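With these hints in hand, go ahead and build the complete structure from the sequences.
What follows is each chain in one-letter form.
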Amino acid sequence: MNDLVIKTEDLSKIYGEQKAVKSVNLHVKKGRIYGLLGRNGAGKTTIMKMILGLTSITSGEVQVFGKNIKGQEKRIYPRIGAIIETPGFYPNLTGTENLEIFAKLRGTSRPDAVKNALDVVGLPYRDKKLFSKYSLGMKQRLGIANAIMHDPELLILDEPINGLDPIGIAEIRKFLQDLSKERGKTILISSHILSEIDLLADDIGIIHEGNLLEESSMDELRKKNQKYVLFRVSSTVTAARILEQKCGGVNYLIEDDNVMRVYDTDIDLSRINQEFITNNIGVYESRVCDESLEDYFKEITGGVGIA
Amino acid sequence: MNCNVFLFVALCLSLVCVLLLSIKLRRVQESLSVIKEALEDIKAGNLNRRVLAKENDMTKQICYDINRIATTNQSQFIRQQQSEQAYKRLMTSLSHDVKTPLASLVGYLEAVTENLVAGEEKETYIQIATEKAHQLKEFVESLFEWVKLDAGEQVYHFEQLDLNELTRNIMADWIPTLENSHFEYDIDIPENEYFMKIDVRAYIRILNNLIQNILTHSGGNKLTLRITENESQAQLAVTDNGIGISPSNLPHIFERMYQCDDSRLADGNGLGLAIVKELVNTHKGEIKVESIPSVGTTFIIMFRKVL
Numbered sequence: 001m002n003d004l005v006i007k008t009e010d011l012s013k014i015y016g017e018q019k020a021v022k023s024v025n026l027h028v029k030k031g032r033i034y035g036l037l038g039r040n041g042a043g044k045t046t047i048m049k050m051i052l053g054l055t056s057i058t059s060g061e062v063q064v065f066g067k068n069i070k071g072q073e074k075r076i077y078p079r080i081g082a083i084i085e086t087p088g089f090y091p092n093l094t095g096t097e098n099l100e101i102f103a104k105l106r107g108t109s110r111p112d113a114v115k116n117a118l119d120v121v122g123l124p125y126r127d128k129k130l131f132s133k134y135s136l137g138m139k140q141r142l143g144i145a146n147a148i149m150h151d152p153e154l155l156i157l158d159e160p161i162n163g164l165d166p167i168g169i170a171e172i173r174k175f176l177q178d179l180s181k182e183r184g185k186t187i188l189i190s191s192h193i194l195s196e197i198d199l200l201a202d203d204i205g206i207i208h209e210g211n212l213l214e215e216s217s218m219d220e221l222r223k224k225n226q227k228y229v230l231f232r233v234s235s236t237v238t239a240a241r242i243l244e245q246k247c248g249g250v251n252y253l254i255e256d257d258n259v260m261r262v263y264d265t266d267i268d269l270s271r272i273n274q275e276f277i278t279n280n281i282g283v284y285e286s287r288v289c290d291e292s293l294e295d296y297f298k299e300i301t302g303g304v305g306i307a
Numbered sequence: 001m002n003c004n005v006f007l008f009v010a011l012c013l014s015l016v017c018v019l020l021l022s023i024k025l026r027r028v029q030e031s032l033s034v035i036k037e038a039l040e041d042i043k044a045g046n047l048n049r050r051v052l053a054k055e056n057d058m059t060k061q062i063c064y065d066i067n068r069i070a071t072t073n074q075s076q077f078i079r080q081q082q083s084e085q086a087y088k089r090l091m092t093s094l095s096h097d098v099k100t101p102l103a104s105l106v107g108y109l110e111a112v113t114e115n116l117v118a119g120e121e122k123e124t125y126i127q128i129a130t131e132k133a134h135q136l137k138e139f140v141e142s143l144f145e146w147v148k149l150d151a152g153e154q155v156y157h158f159e160q161l162d163l164n165e166l167t168r169n170i171m172a173d174w175i176p177t178l179e180n181s182h183f184e185y186d187i188d189i190p191e192n193e194y195f196m197k198i199d200v201r202a203y204i205r206i207l208n209n210l211i212q213n214i215l216t217h218s219g220g221n222k223l224t225l226r227i228t229e230n231e232s233q234a235q236l237a238v239t240d241n242g243i244g245i246s247p248s249n250l251p252h253i254f255e256r257m258y259q260c261d262d263s264r265l266a267d268g269n270g271l272g273l274a275i276v277k278e279l280v281n282t283h284k285g286e287i288k289v290e291s292i293p294s295v296g297t298t299f300i301i302m303f304r305k306v307l
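Residue numbers (my numbering), protein chains in the order written: chain D, 1 to 307; chain F, 1 to 307.
Derived from the structure by calculation, the hints contain no laboratory data.
Since this is a predicted model, take the numbers as computed values, not measurements.
Careful: at least some of the hints might be erroneous.
As the list claims (entries may be wrong) - In the EDC-like style, the derived pairs of lysine to aspartate or glutamate whose C-alpha atoms are separated by at most 20 Å in a straight line are: (1) F:K99 / D:E255; (2) F:K99 / D:E244; (3) D:K70 / D:D10.
What follows is the structure, given as structure tokens:
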């Protein structure tokens, strides 16, 4: 089975003279949370809109569930739930009434779909409060309820935590993680906050001025950005002993016969190197790796950084 | 004449009927083709697929039932996948946790066999190597214990026992060790008898692991054990005055192979608390942990009097 839920090929969007999205090749894998990270105006929303057919595609192609969306809209869109910008609800109706309208239009996957969706985001069912009286956080929650009401396979959420308080953010984060881990949903989410993507996403795509600069799994990125000292030596067995004796209490890990990592980056590297050499251990490499994610993004965006 | 009019009206009516029915048939056909497509998708393994039904669809109930089946299968499938992943993670960290101490053990032994050290130093090396070998042995033993627990192969013998007396006996055995480790202790166990169903070996293991954990990791110098009881349940609280556990680590400490970064080097294997939790579960009890960094940590276990 095809493991990619969304795949774009050279997706581009030109507004007049301005290229908003430039040849983006996005790969969203099944069952994972894909975080689209970029500053405001980087092109995140435009990409999502093109995937959802809310704006025309200048060139390139979008495949969802392994099918080109062109001409398949009616079959594909019921399988997606989305929030793009502020969701359009009727201000003079209650949350429940609003959802009931959408349920009628779209069809439902279970008899108690509206109640279930409200339960999931923590809004009361059959509450008298009109949508116009909702707080920003409640509006955002109702938007999410609407996006998940038909139990879609794919969620596309544009900055879903905007306007939520810290507790609300943590709740939504937990909820999205459960959707992905416990129920196997695929989620494409955009944010301009690196720490948020870091906490939530399995894969990350970095958008800068319309270009997809990097696409990778968070695990890979984190591995790259862990703080440790890497030693490549002739014998880790002997090196471990020297290390324990000379700098008792360091935290280290043996990878194989030649590679070991020391997790205290403030150790005296020159002293250790010297100790190794006096004990006849060949040191081929000793390198401090302590680049943070932020540093890394600054580097790939050419100094501007993300968020 | 009358007859003709009647026939004409009947004809019209039947035409309208045919028209209505064919429209209806069309709609049912459409929803059947949607159902067919979804079923093919589900059959191919996409358990996330849902069939959406509108309010008046004749096939509504069928759609809901298909969705129910897919949802149930999906959650089973995901549970299975999760346990597979946990197993994989266990294997990876296992290989590291055996490799690192083993490598340093070999390091010391090599130094001895290659005559790099002599006299007293040689004795010390052999002693260190022996200690490390013992640690490894303990690790492998607790690992087996864990695997047995996890696979549900452990056999329990629950007996009606006096919790207070049993706890007093276990603590009596601990006192010399506590004194040797310069730990103050405050043990508060009610004088009366409190009979409940206990598996002796499991209960001893629970207490031993908790206390050993405090001795090796807490960094404190005072241990408090308090039992409070009522008609329905007994509460056991074990407190230390050590470094505490940071809020980010706290939710994970009962996970197998989880070790706070800074305790990786200390003796221990990340299995102790996981085993405690599993054993408390078999007593249908509950375990909680509360901790304030640099003030101390309290483990609270609730046992039900009647299983």
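Hints and how they fare:
For the hint linking K99 of chain F to E255 of chain D, the alpha-carbon distance of about 8 Å falls within 20 Å, and the restraint holds. This hinted pair checks out: K99 of chain F and E244 of chain D have alpha carbons roughly 15 Å apart, not beyond 20 Å. A threshold of 20 Å between alpha carbons decides the hint, and for K70 of chain D with D10 of chain D the separation of about 15 Å falls inside it, so the pair holds.
The structure fails none of the hints (numbered hints given earlier).
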